[in-house]
Every structure is written in structure tokens, then in C-alpha cells.
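Chain order of the listed sequences is V and C.
Under the numbering used here, residues 1 to 290 are what the first sequence spells out, in order.
Under the numbering used here, residues 1 to 130 are what the second sequence spells out, in order.
Keep in mind that the hints were calculated from the coordinates and are not lab data.
Just to be clear, a hint being listed does not mean it is correct.
[Claimed, not checked] Derived list of chain C stretches under chain V, where covered just means 3 residues or more per stretch with a C-beta under 8 Å from a C-beta of chain V:
| hint | region |
| --- | --- |
| 1 | 94-107 |
| 2 | 117-125 |
[As the list claims (entries may be wrong)] If you anchor each label on the Cβ, the simulated ranges turn out as follows:
| hint | chain 1 | residue 1 | chain 2 | residue 2 | range |
| --- | --- | --- | --- | --- | --- |
| 3 | C | Gly114 | V | Ala180 | 48 to 54 Å |
| 4 | C | Gly67 | V | Leu183 | 28 to 34 Å |
| 5 | V | Thr62 | C | Asn2 | 37 to 43 Å |
| 6 | C | Glu59 | V | Pro225 | 45 to 51 Å |
| 7 | V | Glu279 | C | Asn11 | 46 to 52 Å |
| 8 | V | Gly202 | C | Thr45 | 33 to 39 Å |
| 9 | C | Gly66 | V | Thr253 | 19 to 25 Å |
| 10 | V | Asp281 | C | Gly114 | 26 to 32 Å |
| 11 | V | Ile216 | C | Thr81 | 27 to 33 Å |
| 12 | V | Ala180 | C | His17 | 26 to 32 Å |
| 13 | V | Gly252 | C | Gly66 | 54 to 60 Å |
| 14 | V | Ala180 | C | Asn11 | 41 to 47 Å |
[Stated by the list, open to error] Take a look, some chain V residues computed to stay more than 12 Å from chain C by CB distance:
| hint | residue |
| --- | --- |
| 15 | Ala43 |
| 16 | Arg46 |
| 17 | Thr78 |
| 18 | Asn224 |
| 19 | Asn263 |
Ideal Cβ placement from N, Cα and C applies to all residues, glycine included.
One-letter residues, chain by chain:
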Amino acid sequence: MSAPSGLETRSPDISSRWLSYALCTDPADRPAAEQAVAQLYAATGRPPPGFVWVRSPAEATTVLTTKEFFRFDGNWQTVGAQIAAQVSELRLPLRQRSGWQGEQLRRTIRDCLVPAVNSTMPSSRGLGWSGQHDADWLAQLDARQRLRGPLLDTWATLARSTGWWWPREDVCVMAERPVAVHLDADRLPHNDNGPAVEFADGSCAYAWHGTPLTPISTAHDPANPGHHLTLYDLPTRARLLVVVNGSAERDGTRRRYGLRVPNWYRHPVAAAAWTYGLEPDQYLQLLRRT
Amino acid sequence: MNLAELVDRTNVDTLDHLERETTVPVVDGLQAQGDLIVIPFSMLTGDSGSSADRWVPAEGVHLVEGGDGRHPHVLVADPGTCRWSPCGGNPAIENTAPVYLLHPEHGGTGIAPGRWVIRRQRELAGLVAD
Numbered sequence: 001m002s003a004p005s006g007l008e009t010r011s012p013d014i015s016s017r018w019l020s021y022a023l024c025t026d027p028a029d030r031p032a033a034e035q036a037v038a039q040l041y042a043a044t045g046r047p048p049p050g051f052v053w054v055r056s057p058a059e060a061t062t063v064l065t066t067k068e069f070f071r072f073d074g075n076w077q078t079v080g081a082q083i084a085a086q087v088s089e090l091r092l093p094l095r096q097r098s099g100w101q102g103e104q105l106r107r108t109i110r111d112c113l114v115p116a117v118n119s120t121m122p123s124s125r126g127l128g129w130s131g132q133h134d135a136d137w138l139a140q141l142d143a144r145q146r147l148r149g150p151l152l153d154t155w156a157t158l159a160r161s162t163g164w165w166w167p168r169e170d171v172c173v174m175a176e177r178p179v180a181v182h183l184d185a186d187r188l189p190h191n192d193n194g195p196a197v198e199f200a201d202g203s204c205a206y207a208w209h210g211t212p213l214t215p216i217s218t219a220h221d222p223a224n225p226g227h228h229l230t231l232y233d234l235p236t237r238a239r240l241l242v243v244v245n246g247s248a249e250r251d252g253t254r255r256r257y258g259l260r261v262p263n264w265y266r267h268p269v270a271a272a273a274w275t276y277g278l279e280p281d282q283y284l285q286l287l288r289r290t
Numbered sequence: 001m002n003l004a005e006l007v008d009r010t011n012v013d014t015l016d017h018l019e020r021e022t023t024v025p026v027v028d029g030l031q032a033q034g035d036l037i038v039i040p041f042s043m044l045t046g047d048s049g050s051s052a053d054r055w056v057p058a059e060g061v062h063l064v065e066g067g068d069g070r071h072p073h074v075l076v077a078d079p080g081t082c083r084w085s086p087c088g089g090n091p092a093i094e095n096t097a098p099v100y101l102l103h104p105e106h107g108g109t110g111i112a113p114g115r116w117v118i119r120r121q122r123e124l125a126g127l128v129a130d
């Protein structure tokens, strides 16, 4: 882990507080969240919307029926566009790049949790916000002592009380927070043995030490019965081969570890063979692994 | 040969949850011990096959040194049964009787008589170390 930068050293309490909102897995505080959304609608001159609560962003896509290919469709009169304009104004102080940037929050939220949650949704459903995962920019405003005013209070309330949400003219679709977020020792999203982010409806996302992962393919590990080799896409120009140790730990579990392999490998066995300088058909002849 | 005997012969100890008394299997073919793989010489084409010309001493040879959080992989052989050469990090071995690889976490594994090349596992960032 890199040395703590700016915000963490100067404002550890601010950082850890906003990080705790981002990582919260409690059920949403629905009254608080609905009241906050109603305030944002009111600021655009609209009455409170109806609310539809879903278990996850993936489930939200079944409610937000119109498929929108772009986050913004060009119409400035929609409630989403008008809230976006407000947010843009609130975030103006952040255009000055000086001051605390909140490295840990950025790595955890913007680089990992947001793309991970996005990966659970089959397609974009147009303008929406991230509730608890808006904590990174709110923390930056907080650290600049610019988190003042009724609208920012409202956004802070949303970060403390709910998951992702999508405002529409008469209805706002609200998603619950995840039921589990797994972290590594550096408090980055990570799980050796399964999804790093899990929602109540079973939708989930994988992450490896803060890097969101998209599984490409899985294969049996020759000579390692019952265990698999899994190949994931990484955001960098590489893929990650996740393998399981051939021998058990003291507690009987098998340690998993990830190996970076060239991004042209599509099959986990070919990628595993490469790590030993072998051809796939040679690696398949493996007789024993300890 | 069992793990307890291998530990006795070397200065390398293994984690105490590994079974000490079971006979270590001897494998005649491709096998991996963590980040090392033992490849039959016949599987490799274009390998010069530099001659294995050093006798493995009684206390064994550290094919991969330990240190910096890494564990060593130690080659153990009865006297006069195994020759080896470092071959620039991909050791070649030639044995006339079973020889053994010992690792503190992975335990022991036997290598049948033959000619073998031992390689380290690699990834894009470099060599893997366990």
C-alpha cells in the first residue's frame, strides 16, 4: 500500500468517516433517504416522487424499463438533468485540484466499488447517483470545509442512508446497499473465495485487492482436484489468473493467489501453462501439484 | 522416504500441520511444487540440455533460496544418485534413483529416475515466490 497521501494524514477522521458510509452494509434508512430525495426534487420545483425500493442496482434495471444508451439523453428539462446541474454547481470547489484528494477513498470507491457495482447491471439505465458511493467527492468538500448549505446536507444524508438511486419524473428507484463488502488488510475490496460485493438478490461483483474483476473463463486445474483456474480481465493491459494452492494451510483452507498474465490469453489453462513456459497440452499432463 | 526423514536430512523444517510419517509419493512425469515445476527433459524441444555435472551433496541443494519472506525449495538425494547444474535459473537434474523436493509449506514430493528441467513460475511482473 502506498504511503498515506494528503487527506489521510491530515484528515484521518474525515477519511475514515466517509469510508465507513461507503462500506456500510446496513439496510437503507428509507425514511431519511426518501426525505432527502424529495428535497432534491423540491429544489427543481417538483413535488415528491413515488418511491420504488429494490434489493440491488441489478434489480433496478428491471424496474427502469426504458433502456437508455447514454447517461444523458440531451433533454435538460428532466429531473435527472436538473439534479445533475445542481450537483455540478456543488462540486465547483473541487475543480481546483489543490487540497486533499482522498487517495484511499478514490481507490476504494471510484476505482473499485463504482465500477464493480456497474458491472452487476446489464446496461446503463440513464442518469442516477450512488448514495453511499458518492462519499468520495462529499469527503473532498468536507475536507475543504465546503460541505455547507441545505443541498449538500441532503447529499450527505443520501451517502449515510442508502445505496444507488435513479430519479425519474414521477418515481425514484432506490436500491438497497450491498449485504456484504469484503476487504483486504489495506481495506481495499477483495475476496479470495468469492464475490467482494454481494447484494440481497444474489447479484454480486468480484474484486482483487481493489481492482474490479470480470471473469472471462474457468477451467479445472489439472492435478488439483476440486479446484479451478479462473481468468479475469483487469483494467490494465493484462489478465489475472486466480489459482488455488496445491497444499492446505494449517486451518485446512487452500490459499488463492492471482498471477498477472498477458491479455491475449483467453483460456485459463493456456494462461497457467504460460506461467511455466509450457504449451497448454503439456500443462494438462500435470500429474501432481503440492 | 517420508517427510520426517527429509526434514532430518536438511536444515529445512516444514510446517507442523503437514503429515510427517506418510510416504512421499514419487512421480514419473510433470509435477509442480508451488512456484516450481519439474518438467521431463523429453517434453522440451530446443533445450540445449546442458550437462548436469555437480553431485547433489548430502545436505541437499537449495534450488530456490529462501529469505525475504520466501521459502526455499530444496533438492534432496542419496549420495551418488543425482547430478545437477544451475543452468541460469532453470536447473537441470539427472538422477538414477528417486530424489526429493522439500518445501516448508508444500512438504515433500519425489521425482522418479530420469532427466528433468526445473522452472520457476513467472507472471508479467516477474517471478513468483512462495
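A quick look at each hint next to the structure:
1. 94-107: holds (count 4)
2. 117-125: That given contact holds, which follows from 6 residues of the region 117-125 of chain C lying within Cβ reach (below 8 Å) of chain V.
3. C:Gly114 - V:Ala180: 48 to 54 Å: holds (50 Å)
4. C:Gly67 - V:Leu183: 28 to 34 Å: holds (30 Å)
5. V:Thr62 - C:Asn2: 37 to 43 Å: With a Cβ separation near 59 Å, threonine 62 (chain V) and asparagine 2 (chain C) fall outside 37 to 43 Å, so the hint is violated.
6. C:Glu59 - V:Pro225: 45 to 51 Å: violated (34 Å)
7. V:Glu279 - C:Asn11: 46 to 52 Å: This hint is violated: roughly 37 Å between Cβ atoms.
8. V:Gly202 - C:Thr45: 33 to 39 Å: Given about 49 Å between the Cβ atoms, the range is violated.
9. C:Gly66 - V:Thr253: 19 to 25 Å: Holds: the Cβ-Cβ distance is about 23 Å, inside 19 to 25 Å.
10. V:Asp281 - C:Gly114: 26 to 32 Å: violated (20 Å)
11. V:Ile216 - C:Thr81: 27 to 33 Å: violated (45 Å)
12. V:Ala180 - C:His17: 26 to 32 Å: Given range 26 to 32 Å: holds, Cβ gap about 29 Å.
13. V:Gly252 - C:Gly66: 54 to 60 Å: 25 Å Cβ-Cβ, so the 54 to 60 Å window is violated.
14. V:Ala180 - C:Asn11: 41 to 47 Å: holds (45 Å)
15. Ala43: holds (49 Å)
16. Arg46: holds (52 Å)
17. Thr78: holds (45 Å)
18. Asn224: About 9 Å separates asparagine 224 (chain V) from the closest Cβ of chain C, which leaves it inside 12 Å; violated.
19. Asn263: Its Cβ does come within 12 Å of chain C, the nearest being 9 Å, so this is violated.
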